[in-house]
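K.L.:
Residue numbers (the numbering used here), protein chains in the order written: chain A, 1 to 261; chain B, 1 to 438.
Mixed in with the good hints there might be a few duds.
Said to hold, decoys possible - Sample of chain B residues at the chain A side, in silico, Cβ under 10 Å:
{"no.": "1", "residue": "E47"}
{"no.": "2", "residue": "H140"}
{"no.": "3", "residue": "E165"}
{"no.": "4", "residue": "F250"}
{"no.": "5", "residue": "L411"}
To be verified - The following label-pair restraints were derived from C-beta to C-beta distances:
{"no.": "6", "chain 1": "B", "residue 1": "Q186", "chain 2": "A", "residue 2": "M229", "range": "35 to 41 Å"}
{"no.": "7", "chain 1": "A", "residue 1": "R158", "chain 2": "B", "residue 2": "E254", "range": "53 to 59 Å"}
{"no.": "8", "chain 1": "B", "residue 1": "E210", "chain 2": "A", "residue 2": "L32", "range": "25 to 31 Å"}
{"no.": "9", "chain 1": "B", "residue 1": "K371", "chain 2": "A", "residue 2": "S225", "range": "49 to 55 Å"}
{"no.": "10", "chain 1": "B", "residue 1": "F127", "chain 2": "A", "residue 2": "K71", "range": "34 to 40 Å"}
{"no.": "11", "chain 1": "B", "residue 1": "T9", "chain 2": "A", "residue 2": "Y117", "range": "40 to 46 Å"}
{"no.": "12", "chain 1": "A", "residue 1": "S225", "chain 2": "B", "residue 2": "D369", "range": "51 to 57 Å"}
{"no.": "13", "chain 1": "A", "residue 1": "E233", "chain 2": "B", "residue 2": "F209", "range": "57 to 63 Å"}
{"no.": "14", "chain 1": "A", "residue 1": "H114", "chain 2": "B", "residue 2": "T9", "range": "21 to 27 Å"}
{"no.": "15", "chain 1": "A", "residue 1": "M229", "chain 2": "B", "residue 2": "D251", "range": "41 to 47 Å"}
{"no.": "16", "chain 1": "A", "residue 1": "N234", "chain 2": "B", "residue 2": "Q97", "range": "34 to 40 Å"}
Think of the hints as simulated: they come from the structure by calculation, not from any bench.
Where is the CB? At the ideal position from N, CA and C, for every residue including glycine.
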Amino acid sequence: MAIRKAPKLAVWKFASCDGCQLSLLDCEDELLAVAGQVQLAYFPEATSAVMKGPYDLSLVEGSITTPHDVKRIQQIRKQSKFLVTIGACATSGGIQALRNFGDVEEYTRYVYAHPEYIETLQQSTPIAQHVFVDFELRGCPINKMQLLEVLNAFLNERKPNIPRYSVCIECKRRGTPCVMVSKGIPCMGPVTQAGCDALCPAYNRGCFGCYGPMEAPNPEALSASWKSMGKDENDLVRAYRTYNAHAEAFQRESERHAQQR
Amino acid sequence: MPSKGKSRTIKVDYMARVEGEGALHIKLKDLPDGTVEVRDAKLNIFEPPRFFEAFLRGREWTEAPDITARICGICPVAYQSSSITAMEMIAGVTVPQSIRELRRLIYCGEWIESHVLHLAMLHAPDFLGYDDAIQMAQDHPQVVKDALRLKKLGNDIMTCVGGREIHPIAMKVGGFYKTPTVEELQAFLPELEWGLDAAQALTDLVATFEFPDFERDYEFVAMRHPDEYPLWEGRIVSNKGLDCELAEFFDYIEEEHVRHSTSLHSFIKARGEYHVGPMARFNLNFDQLTPLCQEVAEKYGVAPPVLNPFKSIIIRCVETLWAIEESIRIIKGYTQPDAPSVPVAPRAGRGYGCSEAPRGICFHTYAIDDKGIIQDARIAPPTAQNQKSMESDLALLVPTIGHLDDAALTLKCEQAIRNYDPCISCSCHFLKLEIDRE
Chain A
1 MAIRKAPKLA VWKFASCDGC QLSLLDCEDE LLAVAGQVQL AYFPEATSAV MKGPYDLSLV
61 EGSITTPHDV KRIQQIRKQS KFLVTIGACA TSGGIQALRN FGDVEEYTRY VYAHPEYIET
121 LQQSTPIAQH VFVDFELRGC PINKMQLLEV LNAFLNERKP NIPRYSVCIE CKRRGTPCVM
181 VSKGIPCMGP VTQAGCDALC PAYNRGCFGC YGPMEAPNPE ALSASWKSMG KDENDLVRAY
241 RTYNAHAEAF QRESERHAQQ R
Chain B
1 MPSKGKSRTI KVDYMARVEG EGALHIKLKD LPDGTVEVRD AKLNIFEPPR FFEAFLRGRE
61 WTEAPDITAR ICGICPVAYQ SSSITAMEMI AGVTVPQSIR ELRRLIYCGE WIESHVLHLA
121 MLHAPDFLGY DDAIQMAQDH PQVVKDALRL KKLGNDIMTC VGGREIHPIA MKVGGFYKTP
181 TVEELQAFLP ELEWGLDAAQ ALTDLVATFE FPDFERDYEF VAMRHPDEYP LWEGRIVSNK
241 GLDCELAEFF DYIEEEHVRH STSLHSFIKA RGEYHVGPMA RFNLNFDQLT PLCQEVAEKY
301 GVAPPVLNPF KSIIIRCVET LWAIEESIRI IKGYTQPDAP SVPVAPRAGR GYGCSEAPRG
361 ICFHTYAIDD KGIIQDARIA PPTAQNQKSM ESDLALLVPT IGHLDDAALT LKCEQAIRNY
421 DPCISCSCHF LKLEIDRE
């Protein structure tokens, strides 16, 4: 095998909970093997060592919420051959995008005694709204096996094998009877992208949309089913406004119900 | 060597091996007699604000556990436990013993995972002189492998009980969505038995580290339960007279907003800064540890009051051992509950929840209306509560090590912050080191 220099991996953080980059450290069985294949060039959560760019692969966690971060992501893009966003914050603005539907000034006054000390943007936005993103890995949090697949794919310059179908497919494969049909539990699974292995339905609860919209979802049909189960417009607004509230399909559907309430 | 009579600025723009974004800024003056004077020590927390308390208003009370988990990917069970117990207080619900035990078990999983991540992967490299655990693994492969295996054990317990290790989905107000079977839990016993030895071996290693001669007369604050090492029930107590119910927390504790931090600083109204986390818990609850944990701690001269924050790494080992013993106890006595949860209904009112996150008490209070819609939310995360204490540690530590060059001084300051296992993402819902030699 030809000898090549180990690719440089960088991990960046914006507004987030740290959970998605923690997923990499949570790969206990694979961590040392992965570390053997790459140079951890920038990963402050795990190491003090810092290598200068450019980087072969940048993993970006978190959403853009400050004027400074708008500039920082541009710098990161310039230094990165491939840029992959990881998690709901980076791919759709995250839970903090709930501010996009509220009044940030009022939010700042509610949380902080000195709002004048706080520099923040009106909206929490995904990375792809600011720079070109090579691949978006979804989930709140991401699935660490999918993360390893994405790392593998980019380090070998192939396309990641990450399905964009719905959670329903995973329920069928797992053998979990549909919670909407069999138990009357409202579920976001029909419009939510797979990747969690249909976890919540297997625990007798409805999916709450951590992975964001699937490819070509039909939220209107799902909303009608929720209504037939006794849920009202407020419930639907809340259901679409969680961890991926700023994702286009969920945002549009939540606005439709917000207008009708 | 720093030249005498000169001012120095030491800064770390982005602190490594902590969770979140923060910086240190220390201004000091080298005096002619060779000592240094600290003019300012600040921990800048520039983690962007995420406004959890603001957008929780208008959400359903039952959503708080899943939403607040997203404050921190490292200690989601702490957020879930504090919010769930606050809501159960409002509903006037007490869960059966078997459900309470399962909650303790998943919390033990989080302690094992978080403590081992911090002590072996993030903090130990400081003492042994490495940039990270992966570098450390080249010279100490077995230590790192065993640490990863222990960490995985904690994560596996969280996954079994909670569905997944980061942002678990099985806990709810009233209990669980689904509970594990006796067989699923008993399968952990052999690995937990191995963990008993592995945790003690880790303690044997960290106890040999060189600890700076640095002690402070802290006010330690932790929870205190009459019969158990604390997780989320009991009173909030200190070694200087604080002894209150959860509902009285903000009668004694105030939060202050300072310009250099997006995380609020907490202090005790009557006395000022305080210290939460493993050292506080250990000092205030040593009598509630198991005989084995007490014996292991005392073997290395670690007995209350421990006043050297660098020794918190030993206490994390002891608490890891405790969490393993507690997990074994719970699993051996476990019978699957008849129902995974008890019914809950909202009523208008205010509730309080506080739990011992791996890095210290995580306090929540909520007010809801009769439909269960959240009207008001306040959350005091552990790192915010420790912020003043961390800054004072720096101000007091630097004069004792002022003879070091900037690089060595910076490293010691970073290490002093890592003593707290700070979770900056949490605290704002923080690190950058800047030392300014005037």
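K.L.:
Going through the numbered hints above, which ones does this structure break? Give me the numbers in ascending order.
P.N.:
2, 4, 9, 11 and 12
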